[in-house]
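So the protein sequences, as listed, match chains A and B.
Here my numbering is used: the first residue of the first sequence is 1147, the next is one more, and so on.
Here my numbering is used: the first residue of the second sequence is 84, the next is one more, and so on.
No wet-lab data here; the hints were simulated from the structure.
Given the structure is predicted, the values throughout are model-derived calculations rather than measurements.
Each hint should be verified, as a subset may be incorrect.
Said to hold, decoys possible - Dumping the calculated BS3-like pairs for lysine-lysine here, alpha-carbon to alpha-carbon at most 25 Å:
1. B:K201 - B:K272
2. B:K201 - A:K1183
3. B:K272 - A:K1183
Stated by the list, open to error - Not everything, but these chain B residues come out facing chain A in the computed CB check (under 8 Å):
4. Y109
5. I113
6. L206
7. N349
8. L370
Beta carbons are placed, not taken as given, at the ideal position from N, Cα and C, and that holds for glycine.
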Amino acid sequence: MSATARDLVPPESRAPSGAPAKRVRSGKVRRLSRRDKVVLSLMVGLPTLIQLVFIWLPTVMSVGLSFTRWNGLALTDIRPAGADNYQYISQDYPPFWPAIQHNMLWLAFLALVATPLGLLLAVLLDQQIRGSRIYQSIFFTPVMLSLALIGIIWQLFYQRDNGLLNFLLGTSGTPQAVDWFGDSSVNIWAAMIAATWRHAGYVMLLYLAGLKGVDPSLKEAAAIDGANAVQTFFRVVFPAMRPINIVIVVITIIESLRAFDVVYVINRGTNGLELLSALVIQNLVGEGQVIGVGSALAVVLLVISLVPIVFYLSRTFGKENRS
Amino acid sequence: MSAAASPSTATSRPATRSGSRPKRHYGTHIFLTAMAVMWLIPLIWAVFTALRPIASTNEHGYFSLAGDFNLDNFIQAWSQGGFAKYLWNSVIICVPAVLLVLFFASMMAFAVSRVSWKFNITLLIMFTAGNLLPPQVLAAPLFEMAKHLQVPYSFSDSGNMLNTYIIVIAVNMAFQMGFCTFVLSNYMKALSADLTEAALVDGAGIWRQYREIIMPLCRPAFAALATLEVIFIYNDFFWPLLFIQSGDRLPVTTAINNLQGEFLNNYNLLAAGAVITVIPTLIVYLLLQRQFVAGLTLGSSKG
């Protein structure tokens, strides 16, 4: 894994230069010919249209549908329902609150276990140790796999009778054997461990890139001031990686909201594995096809996701707007 | 984008820090080896199970080295499980989706990064935010849109856009476009403004600036993004699940979920299916490792 992000930064920008020099000069638009304007509007118009039709229109429609009652058949059957769907999911829909709890648990687990583990692996591998590349490749392998496939692979590992885990624990074939994905008291933990398998590798990769970017003289200065390795890391190196930390925070939150594939593969998000995203789908494709309820759940998911999204966008684009 | 500017992963750095106390590394190695073993166990277990015929596991149990090891499960999964077809379905979805994403994203990125006008940032924010939404938020309206869009039966045997590859390709493309636009626009912004200024003086139009000056310079970014997008779209489970109802049209990542039911109690076959599904990603990774890792760090904005 000697691949470098540096390769991908165009040569002109590698030199430590003042940012303003690179900004595209304004006033250029005035010099565009009529033909250029047509070309340009197509270049902007087509992708924007695609984005509006397939992303933003459905988002707005989700909000709209959440205030209706509809079985998904004829468009003329759509009836206004006010806030009924929201009242229903919060008061009469049993899986709703467990799903909120599971989503929060998922976030907490990724934030407190998976992400720190990835950071720890990155810090250890960033030292000059032998075999660093092999370790990196191993930890990185699950990042390439789909979460659906991860569900299958861990299913083989977690099964009650023929799974490796129960064999290693010595309970295989006995009444004490746990069905790790089937037992509703443990399956959320089993699923989160499977998700960690992937998430930690991803975090490791990003932090390895981040650690290389920290100016070594910072560490030396801290060492001269008498800081030990732990102090140096937490007081100097970690704060210096602030941009990456923000990215990781956002990724962790968003991944926990998007967790869907793995629980869907296990049992479609039921029996202890309720998650908001899975409930949305259950209401769309199930027998009832209660589009309004599904959309209300989707809106709850949307509102929660907007928090990290807005946070991230204001961090990323706020700077550009100011300059 | 700050991640992109930070140079390089891993071991390529010269040994500036080799002077650090080597004795501490024993503990590190023990910890890392233990973690690496834990990391590999599920994978090795899947491969091990896949290599054993069901007959020998029935005879000796799953936790045994006795009996035959062969590729029968793979052959059976390939021919009877329909993996040849599923992998082909994945190709049908992946290739056009990746090409279209890069085509549209590069145009959009060019427009917002090389020409300055009023809505640059607004559009870029809209594109980036779209990529960060959970797909389930859009699921209901997209499903209903596809269902209620009438098309001739000669075009789709369902009479609407459900069960077609086109809708899966289109939605995948739209969903990934924000990310690619964001990465490419950052890349293009970093290219010197003089490049296109000079071309402008020579009378080159916008299209020529895009096609002949900017695009060739973006080749490394395209290589990284293409690799990344192939894997993202190949690994996509959700959109085919939503739109495609006939099992034989599913791409492999979604199809494997159905096999879980079909191969009930034949975990050997299921394991073989899982291993087959991993192989294409593994090939892409081994051949294009640099691009893949570079793409991930370059796009560490990715949600």
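Cross-check of the supplied hints:
1. B:K201 - B:K272: Cα-Cα ~16 Å, so holds.
2. B:K201 - A:K1183: holds, 14 Å
3. B:K272 - A:K1183: The given pair, whose Cα atoms are some 20 Å apart, holds under the 25 Å limit.
4. Y109: violated, 10 Å
5. I113: Hint violated; I113 (chain B) Cβ to chain A Cβ min 11 Å, cut 8 Å.
6. L206: Holds. Min distance 6 Å.
7. N349: Violated - the Cβ of N349 (chain B) stays beyond 8 Å from chain A, reaching only about 11 Å at its closest.
8. L370: Since chain A brings no Cβ nearer than about 12 Å to L370 (chain B), farther than 8 Å, the hint is violated.
In this structure, the earlier hints numbered 4, 5, 7 and 8 are contradicted, and the remaining ones agree with it.
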